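When the letters of the first sequence are read in order and numbered with the numbering used here, they come out as residues 1 to 499.
These are computed hints drawn from the structure, not numbers from a lab. Take these hints with a grain of salt, some might be off.
[As the list claims (entries may be wrong)] Simulated pairs of lysine to aspartate or glutamate, EDC-like, Cα-Cα distance not exceeding 16 Å:
(1) Lys360 x Asp382
(2) Lys65 x Glu44
(3) Lys172 x Glu286
[What the hints assert, rightly or not] Restraint-style ranges between C-beta atoms, simulated for each label pair:
(4) Gly48 x Thr309: 43 to 53 Å
(5) Ala93 x Asn134: 16 to 26 Å
(6) Arg375 x Tyr455: 39 to 49 Å
Note that this is a predicted model, so its numbers are computed, not measured. For every residue, glycine included, the Cβ atom is placed at its ideal position computed from N, Cα and C.
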Amino acid sequence: MADFFHPDRLQKLEELRTAGTDAYPAQVPYPGRELAATLLAQAEELQGQQVVLCGRVLGRRGYGKLAFLDVHDQSGRIQVCLQKDKLSEEDFARLKQLNLGDVIAVQGEMSKTKVGEDTVFGTGWTMLTKALENPPSDKTQGLTDGELRARRRYVDLFVNEDVRDAYLRRGKIIQAMREVFLQHDYAEVDTPVLHPIYGGANARPFSTHHNALDMELFLRIAPELYLKRLLVGGMERVFEFARVFRNEGVSMRHNPEFTMVEFYQAYTDVEGMMTLTEELVLAAAEAAELPLEEGATTPTRLATFRGETFRLGAPFERLRYADTFREHVGCDPQDREAILAKLQEQGIDAPGEGDYNYWKAVNALFEEHVEPTLRGPVFVYDYPAAICPLAKPLANDPTWAGRFEFFLGGMELANAFSELNDPQLQLEKFEEQVQDIDPEAPNQVDMDYVRALAYGLPPAGGCGIGIDRLVMVLLGVDSIRDVLLFPHMRPETEGPAQA
RNA sequence: GGGGGCAUAACUCAGUUGGUAGAGUAGUUGGCUUUUAACCAAUAAGUCCCAGGUUCGAGUCCUGGUGCCCUCACCA
1 MADFFHPDRL
11 QKLEELRTAG
21 TDAYPAQVPY
31 PGRELAATLL
41 AQAEELQGQQ
51 VVLCGRVLGR
61 RGYGKLAFLD
71 VHDQSGRIQV
81 CLQKDKLSEE
91 DFARLKQLNL
101 GDVIAVQGEM
111 SKTKVGEDTV
121 FGTGWTMLTK
131 ALENPPSDKT
141 QGLTDGELRA
151 RRRYVDLFVN
161 EDVRDAYLRR
171 GKIIQAMREV
181 FLQHDYAEVD
191 TPVLHPIYGG
201 ANARPFSTHH
211 NALDMELFLR
221 IAPELYLKRL
231 LVGGMERVFE
241 FARVFRNEGV
251 SMRHNPEFTM
261 VEFYQAYTDV
271 EGMMTLTEEL
281 VLAAAEAAEL
291 PLEEGATTPT
301 RLATFRGETF
311 RLGAPFERLR
321 YADTFREHVG
331 CDPQDREAIL
341 AKLQEQGIDA
351 PGEGDYNYWK
361 AVNALFEEHV
371 EPTLRGPVFV
381 YDYPAAICPL
391 AKPLANDPTW
401 AGRFEFFLGG
411 MELANAFSEL
421 NDPQLQLEKF
431 EEQVQDIDPE
441 APNQVDMDYV
451 RALAYGLPPA
461 GGCGIGIDRL
471 VMVLLGVDSI
481 RDVLLFPHMR
491 PETEGPAQA
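Given only the sequences and the hints, what does the whole structure look like? Please build it.
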């Protein structure tokens, strides 16, 4: 069963214990601790000085009366040299029990080897954690199998430096976006993850059950409706980095749980959201340390994603939905006759009765013909009002609603509205949705949200940005799996079949 | 859910027309006081994803299943 307790290592562990050594001590027996990167950076000043280093041994060369170790910590790697005549007899003998993958502490003197490499010349070392499983051993390849890397991310992280770096950069991107919000006087909030009624997006939810209350609950598919309640309450600028859950297929762009940042601001509209989204994306690109384009008139950073280069500089391109639709589909979205002909030509079923179904069909054509052409960064704005239940219709033409979607790298990265705040119209649209046979549509009207609107939601703009996808484009990572520490996977199959 | 591909030692991979299972690395043992994928010698290690089938004989061929990858569908 526990075949990851390697027999050879168990033997070493036994030897350590026989010698009275704790293989899992609670404390580092030496005072202080320096990171490998610090030691390397300050190698000159530290020459000849005593230092303490802790980390995992991932390389070992030379053996006899001398051993070179590669010790890795969070900051990087440094070489350690352990020599017989500088160690106690006990410490030297204990090298026999040292395997790759073990975590150790070293006390020693900073100096240089004959070939000039900055190295900690140990005067003492201790086992901090005896590893019982082998780390990946192939010196040229390491751990490359995608499935293993994801399933054993804890190994992947200490073996593949670039992976760790990517996650750290993801964190920096999020931090940079948070700072933009704070600069604009936004407040960071947390709203419930367990929703009695799901809404704010079109997606199937995960459902769960509250035992004590004996009620069905849903993991949120979006935080939207709660955040807008906050605006009703007078919190005029709020944002939330929200983990959301959608019960859908898994693909290179989809994970059942993912992170989006949603933000809402009173007394602005979709236009204001466009400006802020632009600022957020550019701040994220800067945090990702994307290279600046030379000779550009405004600061422009270059993202390389799936072999394409994207120029990120303000202002982003802006396309009106109807215009770009006309260009790529070849007819006006409001020209019912032409649209019906197109649909037939495409073999798409004729839409059912009513505006809602008609515009859903139009949007199907949009997704089919226009979205693949949107490389980005580009805002598409003024969407058909009928398919935007949470967006406010335009004052001068209620066929269209104040909404944009932001595309980059061939993916939809953001979605924003001039928030619908007319409680009666909102109720109407909710009821229409509930009647929709689409299994993705919400199944009941969130009457409490309608009531909140009845108290008065100030005019507002709101936006949601898919963090994982944004990080993919900025870091040039093809699969969402590789920007998530622990992407969703089916359970590992048991080894031998049980009788 | 449809189509295609992959699954062999701890890791990375070979394995011919079907004929007793291989390498490098890591491990173990021994040697070596300046290595950088250290080196030298010896050595152990596999339910060839699982279950059936064809065959004298299956890692190899067939059927079914499982996992992963790609693709389409789904997914604002």
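Inset, instruction - Report the numbers of all earlier hints that the structure fails to satisfy, in ascending order. - result: 2
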